[in-house]
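**Student:** Take the given structure of chain E and dock chain D to it, following the hints.
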Amino acid sequence: MAVLKDATAIVGIGQTPFAKRLPQSERALACRAILAALDDAGIAPGEVDALASYTMEETDEVEVAKALGLGDLTFFSKVGYGGGGSCATVAHLAAAIASGQATVGVAWRSRKRGSGPRPWKNTTAQLPTPAQWTRPFGLLRPADEIAMLTRRYLHEYGATRDHLFNVALACRNRANQNPAAIMYDRPLTREMYMTSRWISEPLCLFDNCLETDGALACVLVSAERARDCRRPPVYVHSAAQGLPAQHHGMVNYWNDDPLTGPAWTAARHLWKHADVTPDDIDVAQIYDAFTPLIPLSLEGYGFCGRGEGGSFTEGGALEIGGRLPLNTSGGGLSEAYVHGFNLITEGVRQLRGTSTAQVPGAATCLVTAGEGVPTSALLLRN
Amino acid sequence: MLTPVADDDGAPFWEYAARGELRVQACADCGELRFPPRPCCPHCQSFGSEWRELSGRGRVWSYVVPHPPLLPDYAEQAPYNVILVELAEAPRIRLVGNLVSEAGARLDSVPPERIRIGARVRAVFTPEGLPQWVLERP
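Residue numbers (full-length UniProt numbering), protein chains in the order written: chain E, 1 to 382; chain D, 1 to 138.
It is possible that some hints are incorrect.
[Stated by the list, open to error] Interface residues of chain E toward chain D, partial, derived using beta-carbon atoms under 10 Å:
#1 Q132
#2 F137
#3 R151
#4 R152
#5 R197
#6 P202
#7 H248
[Unchecked claim] Only some residues are given here: those of chain E computed to face chain D with a beta carbon under 8 Å:
#8 F76
#9 T129
#10 W133
#11 A147
#12 W198
#13 S200
#14 Q246
Hints were generated in silico from the structure; no laboratory data involved.
Ideal placement from N, C-alpha and C gives every residue a C-beta, glycine not left out.
Extracted from the complex, chain E is given alone in its bound form:
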C-alpha cells in the first residue's frame, strides 16, 4: 500500500445537471460527464487508457470508448454492489496507474434513477434467490432493509430521530448553498421532518435519498503527471474496499454483530495505510442513501466510539464550522443520488478550495461508499 499512497491524483471532475428527469440517455449523460472531466483536467480523450465504473453502470466501456474517441484501453474494471462501488472505481484506477498498467484513468457513473423504473414495480427483479429469506415477508426495498438495522440501532444505543434529523438537516443546509443541488431552494425544518410521511418506520421521507437523473466522472493520473495538469492535484492518499466475514448485503442480519458493517472492515485498511487519523480529517463525504448510514459510518470509520454515532451529530457537529462538516454538496440526501459519485467530486472540490460550502483550509477529506453493502472508501488530500 505504500506504493499507492499519494502515487496518483484526481485532476479532473465533471458532471451533468441533476434533475428528477433528464431527456438524454444514460449513455449521452455519461459521455458529457466524462468529456467535462477531461476538459477540467486539460487531457485529450485520446490519452485515456483506463476506465472504471460500477457493475450496475449500464453504459459499458466499449460504448464509452467508441463514442468519445478514447485511446487504446489497457485497463478496465467494474465494481459490484451498487453504491458500495463508488470509491473502489477510483481505487482500481489508482492501483492500475501506480502499478504501470495505465496512465490516464476515467471513472464514471451515469444513472436515470429519477425517470427510470421504480424498484417496486418490477416483481421479477424482487426475487433473486438470496431474497427468498426476506422479500416474501414484505421486506421489499432497501429502505425496509436498512430500517430494520435502524430500529435496533436506536433501541440499543438510545439514539433518536432527532439524531437522524441532524444528518438530514446538515445535508440539506449544504444543498441550500449549492446551486447544482436538486434541493438548492428547498430548506428543511425539524417540523417538516417530524411530520413527514413514513416510508418504512422508523425511516421517514427525509431519511431517504433522492431519485435522480445525472452523470459524473473524474480523471486520475500519476502524481508526477498531475503536477502538469490544469488544476491542483487531489491525491489519493489511501484507499480500501471492505467485505466483512459472513456479511450478507443490505441485510447484515446474520452476522454475529449486524451493527458493525462493511465500514469497519474498510476503515481498518484505510487508516492502516494512511499518515493521518480520523482526528486529522477536515471534511467528510459519507455515503447517505439513508440517514442512519451516517452514525453507523461515523462509528465504523472511527470518528467516535461504538454507539456514539447518534450523539456525535449533536451541537452542529456535521455543519460547516462543526467537528466534522459532512456532505458539503448536499450528498445523496439533498444534492443528487447518483450512487455516491457526487461525494467523490465534492471531496475534490473541497481540496481544491472550490466548494459552494467550502471548509476553510480543508486539506484532508474522507469519502465513503455505501454502508450496508460491500463497500469502499478513499482518503483524499491536497
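**Tutor:** Quick look at chain D alone, frame taken from chain E:
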C-alpha cells in the same frame, strides 16, 4: 404476494416449512448451525450438512413498518410489520418474518404499537408453508 424462489441450498428449509417444521441447516461434522443455507460450513469447511429441528421460539430483535409505495399485494396490507426474530437456540440466527395474530392472518393483523424488541415469539405456518410468528403472550 411474492413467494420464495428457492435455490438448491435453501430448498430443504421451505420443504420442512411446508410440513410445519422450522429447521435450520447444521454442519454434519462440527455441528455449527448456519443461516442462510449454503454448500460449505464456514466454521470447518465440511460439505456435509443436516437439517436440525428447532423449538420455533425466539425473540424480536428488530422490526419495521413499511408504508406504500410497495408492490400491490403488500400495499393492500400496509402499513404492516416485518420482524427479525433471533432464535432461542441460536441467537446469531435471525429470521425475517411477520408477527401475526394467528397462522395465516394478514401482515397487518397485529398493530405496530403491540410490537416490542425483546418480545417472545413462536413460529406458526401459513397453509402455503410460509413461517410466521405469534406473540407468546398476546
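**Student:** Run every hint past the structure and note whether it holds.
**Tutor:** Here is how each hint holds up against the structure:
For E/Q132, the suggested interface contact is upheld, since its CB lies about 4 Å from the closest CB of chain D, less than 10 Å. Hint status for E/F137 relative to chain D: holds, with the closest Cβ pair at about 5 Å, below 10 Å. With a cut of 10 Å, the hint placing E/R151 at the interface with chain D holds, because the nearest CB-to-CB distance is about 5 Å. A cut of 10 Å between beta carbons decides the hint on E/R152: the least distance to chain D is about 4 Å, and the hint holds.
Interface hint at E/R197: satisfied, since its Cβ lies 7 Å from the closest Cβ of chain D, which is below the 10 Å cut-off. Nearest Cβ of chain D to the Cβ of E/P202: about 8 Å, under the 10 Å cut. The hint holds. With a cut of 10 Å, the hint placing E/H248 at the interface with chain D holds, because the nearest CB-to-CB distance is about 7 Å. This hint is violated: E/F76 has a C-beta 31 Å from the nearest C-beta of chain D, more than the 8 Å allowed.
Given hint, E/T129 at the interface with chain D, holds; its Cβ is 4 Å from that chain's nearest Cβ, closer than 8 Å. Here the hint on E/W133 is kept, as its CB sits about 5 Å from the closest CB of chain D, short of 8 Å. Look at E/A147: its Cβ gets to within about 4 Å of chain D, closer than 8 Å, so that hint holds up. Interface restraint check for E/W198: the shortest CB-CB distance to chain D comes to about 5 Å, inside 8 Å, so the restraint holds.
For E/S200, the interface hint holds, since its Cβ comes within 8 Å of a Cβ in chain D; the closest pair sits about 5 Å apart. Satisfaction of the interface hint for E/Q246 is found here, the shortest Cβ-Cβ separation to chain D being roughly 7 Å, below the 8 Å cut-off.
Of the numbered hints given earlier, the model fails hint 8 alone.
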